[in-house]
Amino acid sequence: MNPSDERVPDLLKRALGPVADAGLKRDLWPRMRARLDRPAIRLPWWDWALAAAVLLCLILFPAAIPAVLYQF
Amino acid sequence: MELLEEFARGDAEAFEALFRQFQGEVYGWIVRIVRDPGAAEDLTVETFWRVYRARSRFDPRRGFGPWARRIATNLALDHLSTRRNETSLEDGFQPPCSPPDPALAADVREKVAAAFTRLPVKLRAAATLAMIEETPYGEIADALGISIGTVKSRVFRAVRLLRGDLQRMGVEP
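Chains as they are written, first to last, in my numbering: chain E, 1 to 72; chain Y, 73 to 245.
Quick caveat, the hints were computed from the structure, so don't treat them as lab data.
Misleading hints may appear alongside valid ones.
Said to hold, decoys possible - With a straight-line cut-off of 30 Å between C-alpha atoms, the simulated DSS-like cross-links for lysine-lysine are:
{"hint": "1", "chain 1": "Y", "residue 1": "K194", "chain 2": "E", "residue 2": "K25"}
{"hint": "2", "chain 1": "Y", "residue 1": "K224", "chain 2": "Y", "residue 2": "K183"}
{"hint": "3", "chain 1": "E", "residue 1": "K13", "chain 2": "Y", "residue 2": "K194"}
{"hint": "4", "chain 1": "E", "residue 1": "K13", "chain 2": "E", "residue 2": "K25"}
{"hint": "5", "chain 1": "Y", "residue 1": "K224", "chain 2": "E", "residue 2": "K13"}
To be verified - Negatives, chain Y to chain E, calculated, CB over 10 Å:
{"hint": "6", "residue": "E77"}
{"hint": "7", "residue": "H151"}
{"hint": "8", "residue": "A185"}
{"hint": "9", "residue": "G242"}
For glycine and all other residues, C-beta sits at the position ideal for the given N, C-alpha and C.
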């Protein structure tokens, strides 16, 4: 290892320092409980129909795939 | 063991007991990677949400802690990747988490922090845990799901990239 490579960890530690306090300050269970109680997101049937239609188009016209990917 | 089996069967009280037992450990691990207490709390809840959803795949013989830590690590890496795309380099570190050496010049500190933020996320996580937090390589390997050799390789590559970046910014390590 290059001598200056060996000094990098020390410099890093001096510049950033370890996390001073990694202890949790409060109980997160109430937030977890709220998350568990949140109703699952349900997609309406027409969203599924639209997705199926797009998929069908891509199967029937595979040449359109690059054009669709270009949009992303 | 009984508690773990009850959790795997979907028992809500067993999940709550495990949550209370492991939330501090999971949070402590995440905050060392992301270095942001607020984000670490959010990610802790998200970790346990994923743990809860995947409970049917949980194998009680393999222990809850390592499994939760693996999920937490993946979420923390995703968070770093997202934040890397969203924030500027100067926003890379949260001051309350990192008391730096006062003898080190402020501009050097900023350049080191900036160079560190530019590291690829996987290298940054390995370097944070190994070089700053001084976590044993075996623990890092378990959490990242890679071999100890790969951890060492990532740390080595991180050091090389950091040295090059710092030299380009006029900082000689």
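Okay, the hints, checked on the actual structure:
no. : hint            : result
1   : Y:K194 - E:K25  : 28 Å, holds
2   : Y:K224 - Y:K183 : 24 Å, holds
3   : E:K13 - Y:K194  : 18 Å, holds
4   : E:K13 - E:K25   : 25 Å, holds
5   : Y:K224 - E:K13  : 17 Å, holds
6   : E77             : 20 Å, holds
7   : H151            : 15 Å, holds
8   : A185            : 6 Å, violated
9   : G242            : 14 Å, holds
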